[in-house]
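Those sequence lines, one after another, are chains A and B. Be aware that the first sequence starts at 1, since it is given in the working numbering, and climbs by one per residue. Be aware that the second sequence starts at 1001, since it is given in the working numbering, and climbs by one per residue.
Worth flagging that the hints you see were computed from the coordinates, not collected in a lab. Each residue gets a CB set at the ideal place from its N, CA and C atoms; glycine is no exception. A portion of the hints provided could be inaccurate.
Example chain B residues on the side facing chain A (calculated, C-beta under 8 Å, incomplete) [stated by the list, open to error]:
(1) Val1019
(2) Phe1022
(3) Leu1023
(4) Val1075
(5) Glu1088
(6) Leu1090
(7) Val1092
(8) Asn1096
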Amino acid sequence: MTSSLNLWLIPVLPLAGAAINGFLGKKSSRTAVTTIQLAFSGASFAWALYVAARFSSVALPYQEYLAHWIRSGPFTADFAFYLDQLTLIMLLVVTGVGFLIHIYAIGYMWEEEGFYRFFAYLNLFMFFMLMLILSNSYLGMFIGWEGVGLASYLLIGFWFTKDSAASAGKKAFIVTRIGDCGFLIALFLLIQHFGSLNFTQVFDRVHPYAAETGGAGFLTAIALLLMLGACGKSAQIPLYVWLPDAMEGPTPVSALIHAATMVTAGVYMVSRSHLIFERSPMALTVVAVIGTLTAFFASTIGIAQTDIKKVLAYSTVSQLGYMFMACGVGAFSAGIFHLMTHAFFKGLLFLAAGSVIHGIGGEQDMRKMGGLRSYIPVTFGTMGIATLAISGIPPFAGFWSKDEILWKAFSSGPAGRVYWLIGLITAFITSFYMFRLIFMTFFSDYRGGHVDEDGQGSHGHDAHGHGEPHESPMVMLVPLMILAFLATVGGLVGIGDRFEHFLAPVFGSGEVAAAAGEAASRGTEFLLMGISITVAILGLVLAYVLYISKPYLPQKIADGLNGFYTAVLNKYYVDEIYARLFVKPLVEGSTRILWHGVDQKVIDNTVNDAADGARKVSDEVRHMQSGNLRSYASWIAAASAVMIAYMIWVGVGR
Amino acid sequence: MVPLSYYLVLGGFLFACGVAGFLIKRNIITIFMSIELMLNGVNLSFVAFAAHWHALAGQVFVFFVMVVAAAESAVGLAIIIAVYRTRETLNVDQINLLKL
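This is chain A alone, in the form it adopts within the complex (with noise of 0.2 Å):
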């Protein structure tokens, strides 16, 4: 037994600092709060970095016992925490991208009125999410993912007073409980079949149990069960709609809760539980078809999205795709290492779009965007690297860890080769967007204020009287930075496999001996990463056609496909049909039914039906005290006779 880690202290130093800043951040100054919340963000990460030093010398999966929580017969819950590879990777990507977006907020944030109050939620977002990694258990897990949800919620409708971002924040925390509705499910039957939510324990008696291939077994159920949660927190079909209307929070939320973090705890939930999921196929399935259909389906929204935020959500949703359709085909490290990536590159992006934000007085509409290289270069470049990686061009950080999946479910099987093709049309038109996005922001002229004075561009708009558009503060500007290295290099820690096998022991021996066979297949593996090269610069040329060379196609095409076109502008009217199918129904059904119906004529009226029968009774009774005594002495003789009466009943019948 090794000396204690201490892992508790890197999830309970952010709650400290939520505390403090939550509690006495009103009064104390903002540069007091800055340092509270950098102090232990920071603390965090580097016990993190601590943690990964001594890594190599405690036996795996290391688990620290805390305290204990629930003692019910046989069934325990303990508050005590988990380490393996994958916790590892988990817990570096969050404390470090996470402290990373902490510094950038400083600058993002400081002109807010709630500023400590942004900053304690932020912390108070870390401890949850590190609660959910690092717990040994199920039921600690769902309290982190609960918490995160929370989180999410407080921070999406961090401008609350905006009618906007008020029902933004309701919508992700309704949408996701219907996940966790799912997954809490999911956590009963595993209670019920193994008698415990604790990791350890629940596999090892998952072990024994044969792959459900001849038809769907509880396994199958818990699995679905769990894959419907991971749905909810993560935006994969049908439960995505909420993660675009969460760009209504502030940008370094969206870039930590909504890219970074939060919204991968879904596939960290599958990619822990692939035990459960390696033993039913049919599970397995829906997750590679779910994941595959959502990168289709969200990348093909993204291309019409004029809000540069809003490109990056549904840029978030079909990465995410990508990550479950890894998990699908039994991919777990791939999974596990694009989330990593996608980590840097997309709060990479989202930072960087805030900065463009920032620069730019609070404009998030592409169309009054352009032109903005020359007055914000760090920015651009930074961005730029970002657009490289998440659009799959070597050796930036996305190529590496894409074309993994790609690969992996090229290999996996006839209906792998289906999921590879949509992949890699995702993976094109993912190029084309992005471009899209870099082109319509950072070239041509600049059409938004008044600082546009040649006219090229101008689409009339008002400015907005910001100035000229400005490059962010330093604070803002080397987050940036770090994260555009980590972006570019932080896929090569996948080239021979190293991931997969550092992850192997949390994932079993079988994904290493498919490795292996891949050997065999190398030509064919580098035949698909040239192709995949190829799409991507494919939808780099594209983008660069239809918005530099010739600006004045995107508009004619988007006639020529008139019906669909609007469809995609519109999402598909995915949201309408929702508030068709199901919003219209329920809230309709609690007016008339739960509102009119049992509130106003049941509840209320036997209360206030109570209240008048008491006044009335107490009306007919307070007469009897007239203070005459005749009729009080009438009243005790009367009362008299009755029992005198009576006992002689009593007395003559027995």
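Chain B: place on chain A using the hints.
Here is chain B on its own, set in the frame of chain A:
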């Protein structure tokens, strides 16, 4: 020997007279006397039973009742005098301060 039931009927009659007087009369002094009548009705049945069962407890009880009644009438008459001095009437229908 007079049968027990005679005493009991007489006692019940006295008690009923007391109750009737208590309810009907308006003058406090009369009401007071009605109370004494009721007590004595009860006393009569006590001693009758005591004699019948040859048990002393009934007679002892009667003494208790008489002592309490004496004390009560002393206090009661004092209250009546006080009431008469302040309100100049002994009609209970006009003395209705017992209500809230």
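So, going through the hints one by one against the coordinates:
For the restraint placing Val1019(B) at the interface with chain A, the shortest Cβ-Cβ distance is roughly 6 Å, inside the 8 Å limit, so the hint holds. Hint status for Phe1022(B) relative to chain A: holds, with the closest Cβ pair at about 6 Å, below 8 Å. Look at Leu1023(B): its Cβ gets to within about 6 Å of chain A, closer than 8 Å, so that hint holds up. The interface hint given for Val1075(B) is violated, since its Cβ lies 17 Å from the closest Cβ of chain A, which is over the 8 Å cut-off.
The closest approach between the C-beta of Glu1088(B) and any C-beta of chain A is roughly 17 Å, which is over the 8 Å cut-off, so the hint fails. Hint status for Leu1090(B): violated, given a least beta-carbon distance of 12 Å to chain A, over 8 Å. With a least beta-carbon distance of about 4 Å to chain A, the hint placing Val1092(B) at the interface is held under the 8 Å criterion. Hint status for Asn1096(B): holds, given a least beta-carbon distance of 4 Å to chain A, under 8 Å.
Checked against the numbered hints above, the structure violates hints 4, 5, 6; every other hint is satisfied.
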